[in-house]
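Colleague: As a plain string of letters, each chain reads:
2 protein chains.
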Amino acid sequence: MKRKYLMTPGPSPVPAFVRESLSREIMHHRTDEFREILQHAHEGLKYVFCTKNPVLIFSSSGTGAMEATVSSLFSPGDKVISIAGGKFGQRWTELAKAYQLDVVEMTIDWGNAPDPERLKSLLEQHAAVKGVLTTLCETSTGTVYDVEALAKTARKAGALIVVDAVSGLGQDKLPTDEWGVDAVVSGSQKGLMLPPGLAFVSVNANAQTAMKNAQCSRYYLNLQKALASYAKSDTPFTPAVSLVVGLKEALRTMQEERMESRWVRFETMAAATRKAAQALGLKLFSSRPSASLTAIRAPEGIKSTDIVRTLRKNYGISIAAGQGDVKEKIFRIAHMGWINEQDLMMTFSLLEKVLRSLGHTFENGVSLACLQEVLYGK
Amino acid sequence: MKRKYLMTPGPSPVPAFVRESLSREIMHHRTDEFREILQHAHEGLKYVFCTKNPVLIFSSSGTGAMEATVSSLFSPGDKVISIAGGKFGQRWTELAKAYQLDVVEMTIDWGNAPDPERLKSLLEQHAAVKGVLTTLCETSTGTVYDVEALAKTARKAGALIVVDAVSGLGQDKLPTDEWGVDAVVSGSQKGLMLPPGLAFVSVNANAQTAMKNAQCSRYYLNLQKALASYAKSDTPFTPAVSLVVGLKEALRTMQEERMESRWVRFETMAAATRKAAQALGLKLFSSRPSASLTAIRAPEGIKSTDIVRTLRKNYGISIAAGQGDVKEKIFRIAHMGWINEQDLMMTFSLLEKVLRSLGHTFENGVSLACLQEVLYGK
Chain V
541 MKRKYLMTPG PSPVPAFVRE SLSREIMHHR TDEFREILQH AHEGLKYVFC
591 TKNPVLIFSS SGTGAMEATV SSLFSPGDKV ISIAGGKFGQ RWTELAKAYQ
641 LDVVEMTIDW GNAPDPERLK SLLEQHAAVK GVLTTLCETS TGTVYDVEAL
691 AKTARKAGAL IVVDAVSGLG QDKLPTDEWG VDAVVSGSQK GLMLPPGLAF
741 VSVNANAQTA MKNAQCSRYY LNLQKALASY AKSDTPFTPA VSLVVGLKEA
791 LRTMQEERME SRWVRFETMA AATRKAAQAL GLKLFSSRPS ASLTAIRAPE
841 GIKSTDIVRT LRKNYGISIA AGQGDVKEKI FRIAHMGWIN EQDLMMTFSL
891 LEKVLRSLGH TFENGVSLAC LQEVLYGK
Chain P
541 MKRKYLMTPG PSPVPAFVRE SLSREIMHHR TDEFREILQH AHEGLKYVFC
591 TKNPVLIFSS SGTGAMEATV SSLFSPGDKV ISIAGGKFGQ RWTELAKAYQ
641 LDVVEMTIDW GNAPDPERLK SLLEQHAAVK GVLTTLCETS TGTVYDVEAL
691 AKTARKAGAL IVVDAVSGLG QDKLPTDEWG VDAVVSGSQK GLMLPPGLAF
741 VSVNANAQTA MKNAQCSRYY LNLQKALASY AKSDTPFTPA VSLVVGLKEA
791 LRTMQEERME SRWVRFETMA AATRKAAQAL GLKLFSSRPS ASLTAIRAPE
841 GIKSTDIVRT LRKNYGISIA AGQGDVKEKI FRIAHMGWIN EQDLMMTFSL
891 LEKVLRSLGH TFENGVSLAC LQEVLYGK
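Residue numbers (our numbering), protein chains in the order written: chain V, 541 to 918; chain P, 541 to 918.
Treat the hints with caution; some may be incorrect.
Which copy? The list can't say, so a pair holds if one copy fits it or any two copies do.
Below are the BS3-like pairs computed for lysine-lysine, each with C-alpha atoms no more than 25 Å apart in a straight line [said to hold, decoys possible]: (1) 869 x 542; (2) 637 x 893; (3) 772 x 542; (4) 772 x 586; (5) 772 x 853; (6) 765 x 627; (7) 869 x 823.
Please keep in mind that the hints were generated in silico from the structure rather than gathered at the bench.
Isolated chain V, as found in the complex (with noise of 0.2 Å):
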């Protein structure tokens, strides 16, 4: 009788109204029938990624769309400029080398955002860059990044910029078109609401030129092939059907919420995670915290991975612990999708809990209240 709930920053739940959608009986993907469902899912991603320029589905996850980017935007020897600060921006890094590009490493310490002045003497410091690789949301941190004024130092610079928004896309602000972003890649299991298996690239009139100039080796994760079918309302492999049908009912939650309500919604739950936690006693790990979700360090002499372990064990709460040199540092909890205010309210009661059980002390309910007042008013 044990319930579970799913607090983690990817994959994160699937609103049954989704999931009933998935078991209904397949279709052929070259009817009519599949062609409107895969327009709607087209005109909901649009609106999604804040663009009027196509949205290309792959059936990948996330990682195979930024592999998309990379291979169809640029060539081998291409300068690139990646901002690593954290484990989706190291594989920025690593995808680029995969494919040749001349990659300069813009790293940044962990938990922190770039400075746009630093990218902007780098833009100076190297002559013919021709792509800026970034991230909206790093998921590994919880830091949303200043993609406006990066967009905008790397379109002075003449570079292309390409976003990774795959855990940050429909929680933390991004108006695509209005910042200028060249390419946008999310993937289906975040802010989507739906089971991982889709990933999508946004490409604007920058990007559909530079596809055409690009000779990396590619196939599959293809964008030009991918746009061309895109113009025809089709996909140029079998799509996963199930997961299409699934997107078209989630897009069209999002599209009824409106972007402007789910930003400000989804930023007041993370306000109301930072200071639960901060009540706790507990510090962030984040300088620039993600409306998406929230990494918290653990107290002093507890690791984090004994109170991601205790939770998900003894209550069916599953949140994230840390990754890389944090992995035992840092857990994190995750406000994106599907995931509500009740969830925070319901996660807090039983970390409280949680958090005694390994040691550390505060005042029994003092988290419950300050989520309240946030989330609720007083």
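Dock chain P against the given chain V, drawing on the hints supplied.
Modeller: Quick look at chain P alone, frame taken from chain V:
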């Protein structure tokens, strides 16, 4: 109230017990619970692939897994022979060229199977061929290749043999280890009775050695990364969790039926389909027809696309027209995965009506009598 019937060679129907599993609550992929499901899936895949070697899972369509073998087993400039007797053989050629391999094209007329003697002389003619890329069942023509003989010939010449079994696996006999096939590729949406979105690659010791030296650019579709994670019952990137849950369910029924029984059952369905088509005065397209689907020539003066359209529009039955040059000349009826004897009976009962409406003449019910005789005995 019109019911729909999917008789296409992929996507093919997904049974209700698999569809139900797709709608379960999502679980995190780095948990013991998911790891156990993955282990079951790994064991089931080994059984279905008839191998003791690892079968790696990719979240992609079948083409993604084909690409993984090209980019992970070979290096730019490596000489490979690509056997192309249809659309999917051509895909091998395209993939190998996309990765700058030195491709020797062994082209075959559509509808025919490759002659192993011709492969032998090509291997004698070209020095240092690193690999032979071929197909079990060429879906575009309904032809099954003599993989046993092709593998023997390749092995003698010291070349790796890589087989696309996307549509054939589960129906057309393929004892991978016994025949010495180095890598077998398949996908989820055909014999394996799942929606599209997962793909698989078996890798024997030769393939595992080749991976270590391969120099093509790759990241997401990387056999080596997948193999390293496989050893830990894990995946290198977030997998399509719901599809893996469904995979476990689908594999269990295949294990219960046993592969030997399946090969006989589907070959019987294929033989019945061929006999039924011939009884209607129609000609088969393939000289070596597959157990997975049957390609039938449309009668003189009737376009196959009209047959396909009328069946779908009037009766909800989806079969497939041809591809490429034979688009309007052939139609293809699948007998794979969850499709059974009664589905064939249902299809031919209305195919007769449609053919008659388009002006083709034959004795009423003649194909049904053939099917009954072959499928159910006299």
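Colleague: If a hint holds in the structure, say so; if it doesn't, say that too.
Modeller: Quick rundown of the hints versus the structure:
no. : hint      : result
1   : 869 x 542 : neither (28 Å within a copy, 58 Å between copies)
2   : 637 x 893 : neither (45 Å within a copy, 60 Å between copies)
3   : 772 x 542 : neither (48 Å within a copy, 28 Å between copies)
4   : 772 x 586 : within (16 Å within a copy, 39 Å between copies)
5   : 772 x 853 : between (49 Å within a copy, 22 Å between copies)
6   : 765 x 627 : between (29 Å within a copy, 17 Å between copies)
7   : 869 x 823 : within (11 Å within a copy, 70 Å between copies)
Checked against the numbered hints above, the structure breaks hints 1, 2 and 3 and satisfies the rest.
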